[in-house]
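Assemble chains B, C and D onto chain A, guided by the hints.
Protein chains: 4
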Amino acid sequence: MQPKFICSLRLQKAQAREIVTLIVINFKTYAESTGEKALRLAEICEDVSKEYSVQMIVVPQVADIHAVSEAVKIPIYAQHVDGVPQGGFTGSVTAASLKAAGASGSLINHSERRLELAKIDASISACRSLDLKTIVCTNNVATTRAAASLGPDFVAVEPPELIGSGIPVSKANPDIVSQSVKAVKNIDSSVGVLCGAGITRGEDLRAALELGSEGVLLASGIIKAKDQQRALEELVTGVKR
Amino acid sequence: MQPKFICSLRLQKAQAREIVTLIVINFKTYAESTGEKALRLAEICEDVSKEYSVQMIVVPQVADIHAVSEAVKIPIYAQHVDGVPQGGFTGSVTAASLKAAGASGSLINHSERRLELAKIDASISACRSLDLKTIVCTNNVATTRAAASLGPDFVAVEPPELIGSGIPVSKANPDIVSQSVKAVKNIDSSVGVLCGAGITRGEDLRAALELGSEGVLLASGIIKAKDQQRALEELVTGVKR
Amino acid sequence: MQPKFICSLRLQKAQAREIVTLIVINFKTYAESTGEKALRLAEICEDVSKEYSVQMIVVPQVADIHAVSEAVKIPIYAQHVDGVPQGGFTGSVTAASLKAAGASGSLINHSERRLELAKIDASISACRSLDLKTIVCTNNVATTRAAASLGPDFVAVEPPELIGSGIPVSKANPDIVSQSVKAVKNIDSSVGVLCGAGITRGEDLRAALELGSEGVLLASGIIKAKDQQRALEELVTGVKR
Amino acid sequence: MQPKFICSLRLQKAQAREIVTLIVINFKTYAESTGEKALRLAEICEDVSKEYSVQMIVVPQVADIHAVSEAVKIPIYAQHVDGVPQGGFTGSVTAASLKAAGASGSLINHSERRLELAKIDASISACRSLDLKTIVCTNNVATTRAAASLGPDFVAVEPPELIGSGIPVSKANPDIVSQSVKAVKNIDSSVGVLCGAGITRGEDLRAALELGSEGVLLASGIIKAKDQQRALEELVTGVKR
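Chains as they are written, first to last, in this note's numbering: chain A, 1 to 241; chain B, 1 to 241; chain C, 1 to 241; chain D, 1 to 241.
So here's chain A without its partners, still in its complex pose (with noise of 0.2 Å):
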């Protein structure tokens, strides 16, 4: 199958390095993205993905990671991790563990799992030594800058008022887009920048690409919908005019 063109917008920005929009599902812990529903989801995602040649990564809950690893080849990254080392942590999410499971990367720092900043700067050191991606979550433009300066791959700008509301940052708030791009290529050009919260439709991650970031962070808008792989098909279809 050929895949359908998209997201020219970005990838003519690209220059110097190759930027494709990056479209982050985050699972949560909805009962539609658990367990077999977690497996259909990501299977969603995949097909979407080599359907229109956008960049998805799936995230599911940790213990869903490894059965979603066996059925589908597209990135997944965990919600969160801890950056404790081997020994006496019972309860902790290791890297090592993230990686045997399948896992290519982790969010850190999601507004709803807030970490201590040295629990952030440890949890990215636990991950680069292991070859795992890292997208730090921040809440405004000031943290954003101080999760950059910690060098993760990604930080991923979302006000916590917005998450979930159905409203989007890129309308609602333009600003803290554009500013955190701004204060992140300043601290460390090499960071990538992406944006979530209440982000549903194609002209909504449209937005969000125009002010900058690569991509975004999805979970409600996308998991809850009726028809999962449609709302998915509007988002990434609906980024061109």
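Misleading hints may appear alongside valid ones.
Capping the alpha-carbon separation at 27 Å, the derived lysine-lysine pairs in BS3-like fashion look like this [as the list claims (entries may be wrong)]: (1) B/Lys-50 x B/Lys-224; (2) D/Lys-171 x D/Lys-185; (3) A/Lys-171 x D/Lys-119; (4) A/Lys-224 x A/Lys-73; (5) D/Lys-119 x A/Lys-182; (6) D/Lys-185 x A/Lys-182; (7) B/Lys-133 x C/Lys-119; (8) A/Lys-119 x D/Lys-73; (9) C/Lys-37 x D/Lys-73.
The set of hints was computed from the structure by calculation and includes no laboratory data.
Quick caveat, the model's predicted, so the values are computed rather than measured.
Quick look at chains B, C and D alone, frame taken from chain A:
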């Protein structure tokens, strides 16, 4: 193969309900019990369990549960579970995801992953609603009594200062075990009592059983042993004089 | 001045020990109860306490305790105490510092400051060793039972969904109060039972006492009232038909 | 009394803004610096500060701040502050309550009281809005950079493994100090840099200043000294050869 006789001590005492010695192996986050090595250790536990007719529970990291569940048939517990509902709880470990991955229970409130009182209650409720077993860890007689009053399947008392010490609780602090047993039975006789911390050898296990506990929590003594299988066999055979 | 008669209901019931209605005013972190305004509110509480012969406890922020203790003679409790020993625990609130500042007790595990089970136990022990009184807050009957088994002076059950709601627990959920009283008395009859959440008016207080509780926790209903003194007087006089 | 000459080293360097050596004494929760003993230690610090023309900040427990503020005129900082708004935040330490009690600043994110990244940002903002100074503690160069990017008045880098060790950071790990200074000045030259951990003697302080820091955080080395005044005098005089 004819299972060898073991643990007559406890079995003789079992009257109101069938009590068998329970050996819970907490894999923690050791390199020797993560990923591929979690599978191998789980298989050793299963072999010893069959060979010696002792009930064994393995407690790998969450990310390892699914792969372990494909490899062995003995019960697999998680090291931690969050009593959160389905929805926006990124990074939480839900009972539903554990069950889907193949777990049949969970530790709760391990000394390396202490929980707020209300969250212990929520975790127990979440597990109960999905028929997952619960072992609530505690640090002294007072908290053992409190934990028992929440109605878990088991409490496991472990003096924090002895965890990983190699000094067995059943010898260093026998009173904490016998008093915990007494306290729990006063609160709710259907709650089982385990003990842990520093237990490595059969005589430690024997002492724990003689103090009235129904089993033990083990970790480093087995996991860090040069020969994990031999260490485990010595433990379960050593219980007999 | 002759104290007006009040609370005969509870006083008639008091037999094994002298029980008086306890009204605990949690100042939280409202502007209306911080700094200078904490002093003024404490003085109002003291006036009402004397005028109406009701036992009142004020619970200002930790930083306000010393100044409040210079202004009033009624008991002052802290909103939180850490059960840490002396030493390297920067930022903790020790029982010793509270006592030195003039407090005679502390809330523990308030719904806005939940603690790990082992820390609740440690906080109670730390207070007990310095003759500070303890009120452990809980969210349902199960955790009330657990808290009572740790032997505090009081437990205070407060359904989180009613806190600050204006809907009084004693009307919205009378069963949680009466069952908490029963559960606590089964565990340890020397532990007092308070209730809270949504209580503002005298009839709510009366209902709480009729359900077997020995007093109430109050906050926003008094603190945010246009006229704090009048709100408090209406509360304590309204308890009589 | 004529203040004795001190700290010419730093004073010579000060150009863009007046820099004086800052000595911050963290009282932690030691018996030797709680309650009455907090007052006495604060008075010693004030005496030494005047006598030797060195800027000294005392950091008692929150409950001790008000009494200390009645006893001395040197700046008093809190050990921790929560960036919560006014309202229902029982047990939190608000900037408003600290200011009312007499504090003029606060430590934030001390290694014994680590905070989530977003909360560090909120604490700084809460202090700034009330003209309270902020010192954000960090554990390595990466987190120092992150903390500086949030715009506090000072960052204080303290390798956790050296805290309370008696081994001075300025000798054991001089690079962490000089690199922190460099990193901070690259991010925001208006942010001051302190260092801490293991510093007791004048030569440690001198080394810290020579590495570019503007002052130090001290605790056990002074607090646990048999003669606190003498220990403090030796520190500030020892900075001169």
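Does C/Lys-119 sit within 27 Å of B/Lys-133, going by the straight-line distance between their CA atoms? Given pair B/Lys-133, C/Lys-119 holds - Cα atoms ~25 Å apart, limit 27 Å.
For the pair supplied as a hint, C/Lys-37 and D/Lys-73, is the alpha-carbon distance within the 27 Å limit? With a Cα-Cα distance of about 24 Å, the restraint between C/Lys-37 and D/Lys-73 holds, given a limit of 27 Å.
Does D/Lys-185 sit within 27 Å of D/Lys-171, going by the straight-line distance between their CA atoms? Given pair D/Lys-171, D/Lys-185 holds - Cα atoms ~22 Å apart, limit 27 Å.
Has the given pair, A/Lys-224 with A/Lys-73, been kept, meaning a C-alpha gap of at most 27 Å? holds, 23 Å
Check the hint pairing A/Lys-171 with D/Lys-119 against an upper bound of 27 Å on the C-alpha distance. Measuring from Cα to Cα gives roughly 26 Å; hence the hint holds.
Just to be careful, I want the Cα atoms of B/Lys-50 and B/Lys-224 compared with a cutoff of 27 Å; is the pair within it? At roughly 22 Å apart (the allowed maximum being 27 Å), B/Lys-224 and B/Lys-50 satisfy the hint.
Distance restraint between D/Lys-185 and A/Lys-182, which requires alpha-carbon spacing of 27 Å or less: holds, 20 Å
Straight-line alpha-carbon gap D/Lys-119 to A/Lys-182, limit 27 Å: holds, 23 Å
Please work out if A/Lys-119 and D/Lys-73 have their alpha carbons no farther apart than 27 Å. Between A/Lys-119 and D/Lys-73 the Cα gap is close to 37 Å, so the pair fails against 27 Å, i.e. violated.
Violated hints amount to a single one, hint 8; each of the other numbered hints is respected by the structure.
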